[in-house]
Amino acid sequence: TQLLEQSPQFLSIQEGENLTVYCNSSSVFSSLQWYRQEPGEGPVLLVTVVTGGEVKKLKRLTFQFGDARKDSSLHITAAQPGDTGLYLCAVVLSGGSYIPTFGRGTSLIVHP
Amino acid sequence: DVKVTQSSRYLVKRTGEKVFLECVQDMDHENMFWYRQDPGLGLRLIYFSYDVKMKEKGDIPEGYSVSREKKERFSLILESASTNQTSMYLCASSLLPQAGYGYTFGSGTRLTVV
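So the protein sequences, as listed, match chains P and B.
Positions 1 to 112 (the numbering used here) are the ones given, in order, by the first sequence.
Positions 113 to 226 (the numbering used here) are the ones given, in order, by the second sequence.
Mixed in with the good hints, there may be bad ones.
Stated by the list, open to error - Computed beta-carbon distance windows for the label pairs:
(1) B:153 <-> P:50: 21 to 29 Å
(2) B:192 <-> P:78: 46 to 54 Å
(3) P:5 <-> B:168: 34 to 42 Å
(4) P:5 <-> B:185: 31 to 39 Å
(5) B:226 <-> P:13: 21 to 29 Å
(6) B:129 <-> P:59: 17 to 25 Å
What the hints assert, rightly or not - Not close to chain P: a few residues of chain B, all C-beta gaps over 12 Å, as computed:
(7) 124
(8) 127
(9) 189
Said to hold, decoys possible - Now the stretches of chain P that chain B is said to cover, found in silico as 3 or more residues with beta-carbon under 8 Å:
(10) 15-24
(11) 27-34
(12) 44-53
These are calculated hints, taken from the structure and not from any lab test.
Predicted, not measured: the structure shown is a model, and the values here were computed from it.
Every residue, glycine too, gets a C-beta built ideally from N, C-alpha and C.
Please put together the full structure from these sequences, using the hints given.
Here's what the structure looks like:
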């Protein structure tokens, strides 16, 4: 059983649509990071959340950290082709190693 | 603009060769990491270092070694390259991962072993 599940695995949408991707853990985590990775490049950090119930906004991206600190979501409003990429979540587990565990990512394609 | 620089974007090596992947960061971070990324498997931690000359094994250290002689440089070494080490290799650094600080990644090195 994988520690960290991201869903959906793949998402293909049209420009202007809204979407939500999810990151779920079987364990409580102390912090969570979201990254976006464009093809052929390294991941780029989008946001770090550390407080249960926390909501952060980055332009058209809204990040939510679940109250129970076991899940998170990323919502994109009015997606654009520039949002295309692999979205990765990474968690630091409570009481465990400080090294983040990465999910396998959601691959998003936004068609013009 | 803070940076993690990986010396090569693409490498092609022969089976059995010794391969060096270099990574340099300019952010004065103590913590540096090497990951490999494969389709369907995500990012897997090979080694990390929390200080000069210190190193710790990650989840998949077999067939790899590392060197951290200076704070800004973290090298990954494939002692005898094999075809199953064909992958995208990503270097990262972080100020305080234990405090929730995220990673800054390099652009990656796509290694092909033939």
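Broken hints, numbered, in rising order? Hints 3, 5, 6 and 10 not satisfied by this model.
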